[in-house]
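K.L.:
Produce the entire structure from the sequences given, and follow the hints as far as they go.
Going line by line, the protein sequences match chains A and B. The opening position of the first sequence corresponds to residue 1 in full-length UniProt numbering, with each subsequent residue numbered one higher. The opening position of the second sequence corresponds to residue 1 in full-length UniProt numbering, with each subsequent residue numbered one higher.
There could be a bad hint or two in this list.
Per the computed footprint, the stretches of chain B lying under chain A, defined by three or more beta-carbons under 8 Å from a beta-carbon of chain A, are [stated by the list, open to error]:
no. : segment
1   : 42-50
2   : 191-198
Think about it this way: if two alpha-carbon atoms lie no more than 20 Å apart in a straight line, the pair counts; the simulated DMTMM-like pairs of lysine to aspartate or glutamate are [to be verified]:
no. : chain 1 : residue 1 : chain 2 : residue 2
3   : B       : K78       : A       : D267
4   : B       : K78       : A       : E264
5   : A       : K205      : B       : D201
6   : B       : K202      : B       : D96
7   : B       : K8        : A       : E264
8   : B       : K78       : A       : D185
9   : A       : K205      : B       : D49
10  : B       : K8        : A       : E190
11  : A       : K205      : B       : E174
12  : B       : K206      : B       : E174
13  : B       : K8        : A       : E255
14  : A       : K203      : B       : D44
15  : B       : K78       : A       : E276
Keep in mind the hints are simulated off the structure, nothing from the lab. Even glycine gets a Cβ: it sits at the ideal position worked out from N, Cα and C.
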Amino acid sequence: MSFLIDSSIVVTSQVLFFGFGWLFFMRQLFKDYEVRQYVVQVIFSVTFAFSCTMFELIIFEILGVLNSSSRYFHWKMNLCVILLILVFMVPFYIGYFIVSNIRLLHRQRVLFSCGLWLTFMYFFWKLGDPFPILSPKHGILSIEQLISRVGVIGVTLMALLSGFGAVNCPYTYMSYFLRNVTDTDILALERRLLQTMDMIISKKKRIATARRNMFQRGDVNNKPSGFWGMIKSVTTSAPGSENLTLIQQEVDALEELSRQLFLETVDLYATKERIEYSKTFKGRYFNVLGYFFSVYCVWKIFMATINIVFDRVGKTDPVTRGIEITVNYLGIQFDVKFWSQHISFILVGIIIVTSIRGLLITLTKFFYAISSSKSSNVIVLLLAQIMGMYFVSSVLLIRMSMPPEYRTIITEVLGELQFNFYHRWFDVIFLVSALSSILFLYLAHKQAPEKHMTP
Amino acid sequence: MASLDRVKVLVLGDSGVGKSSLVHLLCQNQVLGNPSWTVGCSVDVRVHDYKEGTPEEKTFYIELWDVGGSVGGASSVKSTRAVFFNSVNGIILVHDLTNKKSSQNLYRWSLEAVNKDLVPSGVLVTNGDYDREQFAENQIPLLVIGTKLDQIHEAKRNEVLTRIAFLAEDFNAEEINLDCTNPRYLAAGSSNAVKLSRFFDKVIEKRYFIRDGSQIVGFPDRKRFGAGIVKNLHYD
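P.N.:
Right, here's the structure in full:
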């Protein structure tokens with residue numbers, strides 16, 4: 001009886017999450033596009049719903065809500081469904097939509113998408129070889145095989161995003177890094193852009209006139225056709241057509257230049273807006289925040305290095321350690337069990353909420369930047385895949401932040417994975433990502449001012 | 001060619017509707033083989049015979065400025081795009097017949113372009129809502145072109161075409177529906193080709209007469225330069 005009640009609670013919350021994912025899709029991601037394939041929307045919302053349910057189950061675990069056996073059952077079921085979606089459904093549909101975009105393969109869409117999916121499975125399987133993630137007693141088709149590989153991909157993603165985020169956050173917030181851009185710089189660049197466009201136009205006019213003259217003279221095809229045409233073009237080349245190819249090359253070079261100038265102008269406008277924003281109240285607040293974040297970022301990099309160099313994996317979670325410190329050094333006595341439960345609930349809750357929110361915002365930004373009406377379906381599915389993997393590995397890693405009595409359920413459900421490996425892997429990738437982001441941002445920052453500043 | 005004969009027409013629309021293919025078809029009379037994403041603005045030139053077949057026939061170069069991007073983009077992109085909207089003589093609005101959103105976005109596109117022209121300070125004063133009043137004042141000739149006609153099923157064709165007719169009426173513009181990968185739609189003598197030719201003639205007329213200063217009705221500066229109009233009124 002209680003099992004039914006528990007299940008209905010979980011299912012209701014799943015439906016709620018599904019609705020939220022649906023709304024997010026419609027209002028945020030696809031607000032400028034028309035949704036024609038409802039499959040994409042459903043898959044995205046379902047992935048989101050099941051990922052959030054996992055987090056919800058962790059919270060229930062800490063708070064002790066619901067029956068323990070029904071919790072375990074729902075964990076297992078949730079995990080199976082999510083793995084099914086991430087490994088079977090989403091990759092298949094990604095392949096299907098990619099193939100649909102290519103006109104040639106339109107007829108045998110399903111066949112080719114199956115082929116793509118099989119390729120994906122092959123590489124997915126091969127992924128497990130170089131990593132010491134499994135003990136040999138697991139069979140081929142066990143859940144641990146799939147989870148471990150998904151975990152590797154997800155942890156890599158998390159570490160990359162964290163590393164880049166940790167460095168980029170202070171860089172964007174702090175106004176110290178803002179290049180000085182004046183209106184005259186922008187005007188000068190715009191003038192160059194328009195001049196380039198004028199040059200392109202005058203050259204295209206020459207090409208158009210020449211083509212028209214040749215057309216009127218009866219020389220319809222200026223491209224050599226057939227075998228004799230090729231021989232003829234080698235020996236006798238009409239001076240008009242030679243000129244044309246030269247002009248066409250100049251036009252191509254100018255068009256490339258105009259594209260670069262356009263992108264630089266956009267960059268300057270964006271910098272100017274940021275400068276104006278930094279003078280406002282909110283801007284100044286973020287500036288101060290940026291200083292704190294830079295300290296935090298340096299500390300995290302330092303800790304990651306220490307962890308790797310001294311081969312140290314944190315045994316205790318921050319909550320227990322905090323309580324230990326307060327009890328031992330500050331001499332404050334309180335009911336450890338009661339407080340540890342509440343504090344870890346709050347801490348884990350904050351981690352979950354901020355990571356979901358951060359991920360959704362990053363995904364939205366990515367989506368706006370790179371999608372067009374042709375590729376929007378593929379990109380949304382890719383984002384759903386990334387989101388699912390990210391959430392699964394969050395569950396893996398969050399285990400470390402919880403006191404030991406709550407870790408058991410995760411250990412039970414996910415099977416015997418080498419959790420320590422994942423934390424080590426996270427540290428390594430985080431370090432690599434943070435350092436290369438620093439390098440990348442430094443180079444980009446150095447290179448830009450020399451181009452724009454008026455002498 | 002002197003700058004007197006310079007005519008500038010914008011080609012606006014959402015990304016992916018087929019502006020680059022359309023411009024290529026209009027200027028080169030060939031189908032574009034490998035369309036790729038337009039960054040910034042790409043220009044092409046069409047040679048047009050004004051008043052073809054009459055003794056007043058004259059050749060003009062019409063510049064088609066294909067401005068890429070999405071209407072809901074970052075404001076820095078919008079500010080940069082605004083530099084292309086100066087001194088425009090005609091606007092071609094392109095939308096995808098299979099995508100309703102792209103037709104709805106045309107209102108926002110036209111406002112972005114028209115406002116840049118009417119307001120010399122370069123500040124966008126609209127919040128994006130469609131306002132017929134602003135179009136009543138607008139003197140720039142508009143043309144609405146719907147692409148990907150071949151991808152609409154026969155059954156839904158009527159419904160789509162009716163909707164588009166209303167759209168074109170809102171803009172007080174002609175409409176053409178075609179498929180950019182098939183030059184047959186713009187074959188010489190077809191009704192589409194006639195509409196296109198008429199549109200370009202109208203653009204040239206507006207441009208040409210404004211240069212001469214002899215235009216009487218619908219002079220765009222009428223509301224701003226109250227005193228100056230009296231001098232220009234009776235010219236013939």
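K.L.:
Each hint needs a verdict: does it hold in this structure or not?
P.N.:
We went through each hint and held it up to the structure:
no., hint, result
1, 42-50, "holds (count 6)"
2, 191-198, "violated (count 0)"
3, K78(B) / D267(A), "holds (12 Å)"
4, K78(B) / E264(A), "holds (14 Å)"
5, K205(A) / D201(B), "holds (19 Å)"
6, K202(B) / D96(B), "violated (25 Å)"
7, K8(B) / E264(A), "violated (24 Å)"
8, K78(B) / D185(A), "holds (18 Å)"
9, K205(A) / D49(B), "holds (14 Å)"
10, K8(B) / E190(A), "holds (18 Å)"
11, K205(A) / E174(B), "violated (27 Å)"
12, K206(B) / E174(B), "holds (16 Å)"
13, K8(B) / E255(A), "holds (18 Å)"
14, K203(A) / D44(B), "holds (10 Å)"
15, K78(B) / E276(A), "holds (17 Å)"
Hint compliance for this structure: hints 2, 6, 7, 11 are not met, and every other hint is.
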